[in-house]
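Q: Spelled out, the chains give:
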Amino acid sequence: MEFPKDLKYTKEHEWVRTEEDNIVTVGITDYAQDSLGDVVYIELPQEGGTVTKNEPFGVVESVKSVSDLYSPVSGVVKEVNEELIESPEIINGDPYGDAWMIKVEINSPEELDDLLTSEEYQKFIEEEK
Amino acid sequence: MAFDDPFSDKPLIFELSREGRQGVEPSRCDVPERDPEASIPGEFLRSDIEGSPEVSEPEIIRHYTRLSRLNYGVDTGFYPLGSCTMKYNPKVNEDIASFEGFLLLHPYQPEELCQGALRLMYELECYLAEVSGMDSVTLQPSAGAQGEFCGLLTIDAYFRDRGKPRKKVIVPDTAHGTNPASTSLAGFRAVTVRTGKEGVLTLDTLKEVMDNDTAALMLTNPNTLGLFERHIKEISDYVHQMGGFVYCDGANLNALMGIAKLGEMGVDIVQFNLHKTFSTPHGGGGPGSGPVGVKKILEPYLPVPRIRKKDDRYTLDYNQPRSIGKLRAFYGNFSVMVKAYSYIRRMGPEGLKKASTVAIVNANYIKERLKSTYHLPFDRACMHECVFSDRFQSQYGVTTMDIAKRLIDYGFHPPTIYFPLIVHGAMMIEPTETESPEEIDRFIEAMKEIDREARESPDVVKNAPTRGIKRIDEAGAVRRPVLRWQGSGGGG
Numbered sequence: 000m001e002f003p004k005d006l007k008y009t010k011e012h013e014w015v016r017t018e019e020d021n022i023v024t025v026g027i028t029d030y031a032q033d034s035l036g037d038v039v040y041i042e043l044p045q046e047g048g049t050v051t052k053n054e055p056f057g058v059v060e061s062v063k064s065v066s067d068l069y070s071p072v073s074g075v076v077k078e079v080n081e082e083l084i085e086s087p088e089i090i091n092g093d094p095y096g097d098a099w100m101i102k103v104e105i106n107s108p109e110e111l112d113d114l115l116t117s118e119e120y121q122k123f124i125e126e127e128k
Numbered sequence: 000m001a002f003d004d005p006f007s008d009k010p011l012i013f014e015l016s017r018e019g020r021q022g023v024e025p026s027r028c029d030v031p032e033r034d035p036e037a038s039i040p041g042e043f044l045r046s047d048i049e050g051s052p053e054v055s056e057p058e059i060i061r062h063y064t065r066l067s068r069l070n071y072g073v074d075t076g077f078y079p080l081g082s083c084t085m086k087y088n089p090k091v092n093e094d095i096a097s098f099e100g101f102l103l104l105h106p107y108q109p110e111e112l113c114q115g116a117l118r119l120m121y122e123l124e125c126y127l128a129e130v131s132g133m134d135s136v137t138l139q140p141s142a143g144a145q146g147e148f149c150g151l152l153t154i155d156a157y158f159r160d161r162g163k164p165r166k167k168v169i170v171p172d173t174a175h176g177t178n179p180a181s182t183s184l185a186g187f188r189a190v191t192v193r194t195g196k197e198g199v200l201t202l203d204t205l206k207e208v209m210d211n212d213t214a215a216l217m218l219t220n221p222n223t224l225g226l227f228e229r230h231i232k233e234i235s236d237y238v239h240q241m242g243g244f245v246y247c248d249g250a251n252l253n254a255l256m257g258i259a260k261l262g263e264m265g266v267d268i269v270q271f272n273l274h275k276t277f278s279t280p281h282g283g284g285g286p287g288s289g290p291v292g293v294k295k296i297l298e299p300y301l302p303v304p305r306i307r308k309k310d311d312r313y314t315l316d317y318n319q320p321r322s323i324g325k326l327r328a329f330y331g332n333f334s335v336m337v338k339a340y341s342y343i344r345r346m347g348p349e350g351l352k353k354a355s356t357v358a359i360v361n362a363n364y365i366k367e368r369l370k371s372t373y374h375l376p377f378d379r380a381c382m383h384e385c386v387f388s389d390r391f392q393s394q395y396g397v398t399t400m401d402i403a404k405r406l407i408d409y410g411f412h413p414p415t416i417y418f419p420l421i422v423h424g425a426m427m428i429e430p431t432e433t434e435s436p437e438e439i440d441r442f443i444e445a446m447k448e449i450d451r452e453a454r455e456s457p458d459v460v461k462n463a464p465t466r467g468i469k470r471i472d473e474a475g476a477v478r479r480p481v482l483r484w485q486g487s488g489g490g491g
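Taken in order, these protein sequences are the chains called Z and V. In terms of numbering that gives the first Met the number 0, the first sequence opens at residue 0 and continues consecutively. In terms of numbering that gives the first Met the number 0, the second sequence opens at residue 0 and continues consecutively.
The list that follows gives simulated cross-link-like pairs (lysine to aspartate or glutamate, DMTMM-like), each with its CA atoms no further than 20 Å apart: (1) Z:Lys-63 to V:Asp-172; (2) V:Lys-461 to Z:Asp-33; (3) Z:Lys-4 to Z:Asp-29; (4) Z:Lys-52 to V:Glu-207; (5) Z:Lys-63 to V:Glu-473; (6) V:Lys-469 to Z:Asp-37.
Source of the hints: derived by calculation from the structure; they are not laboratory data.
Sequences and hints are given; from them, build the entire structure.
A: Now the structure itself:
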């Protein structure tokens, strides 16, 4: 299982990639997609909507369960991966690439400070198992 | 010898269809015929479907009889579906619910002509209050989730009545899956708390999220790990001190009957799932019944009508100005109430206590005998169900899903899987009091055999089920559903 070093992670199994101009990309981790199994439905916010750190911003449904997606940051949704909504199964193949979920313009970059590094996240999921 | 195997390939009902064949002769139409297109707006008319299958009466009878033989229920075998209490429902309760006096009763029957039914409902309310330690019970909600909704609305009504509405409801991650949904539907914000290593809620964890805007704590006891919430009394004392209520999801009441009363643990509201605990077939679409019990302080908010007894007369009382109103037409699912009443009367207090005791002993027996074979995340005395994981078997590439599917080959309905979410690869086994020690041993042996297969020949488990039916493509069924017969060579 992969956990790229250039990403930050949450205990709710989301990842965050810092782009430029206070924009971050958000998705769910390899561990999350593996635990969920075949994903069949994804609900994401509208472009222009707001998300709040640690609050639900969407829903992911697999053959096993339905789970809330928790936002790792607060800000305005600049872009939504429409292709992912159409074909949710790509999340099982490429969780860090094609299956990105939303791009958010963040209010305060300090919010990124308390996210987990790749090593911290891997340690966390080992403990959680 | 299987004379006729219901699993064998048979033509579909659509394939049996022959134009003009029919089972019954409908009576001649005695009103003028009209063209559907002239009477029904176009958007409600279907143009792309052929007529229904045309078959003879024996063909249709064989079709449905075969379908019924493909069915699996607690009347055909062990059904350890955790959190669902799929226990056997004595047939005598069905008989009693079919008495003409109950069956043919009209909901608008005048009170003086349905005193017996009102008495039954009144007494059932009293029995449920007694079992749970509550002061008042309404029988109106149609099933468990509507009971949750009803209980939460009474809490909301209480705070509004005092001019101080509260917006938050705290739900531990070991609560039933419907709890956060009912919370949102009732207009509250659900706040999840983690239970942590102990598998039960602790006061310290609760204190981190509880505040003056919290209307209630909504937990399930015993919880979905099958563990008794052992800190419940200090937790409910604290919730009350903060001015909130304690709601307990009563879906797991089959572990507590006659042993412990929720009311004495500080619970203020509970819903009963009569179709789980009190002898009504569960699953298959109902009807269920989800009565709600409350402490005195919430009684004025219960739905109308309330059933009153004065001297020896029973009446329906609609004069409850602070009531949340009606939740559904009439008075609830009456036939389910009759079954519950009959079950409680026949079992008696000692019988109910014995049922819960045996359910707990059965679950603990399975837990002890399987815990060296399957990983047991919370190793301590459980209540009526126990939760294992696939940690040991996953080393061989065998998952909970595979184990569940393989159990079908051994003739058992699989347990609840992948729930509760806090256990990775959960298998949640609830044997209930229904099963004999011999049947439970057979199940245990099957589970051990599947573990052996997982280590020695994992493909056998991964390709299950193989006896009669195949593994279905669950993802495909959701992503590309084929909902209608599409003719030979159709589909896709």
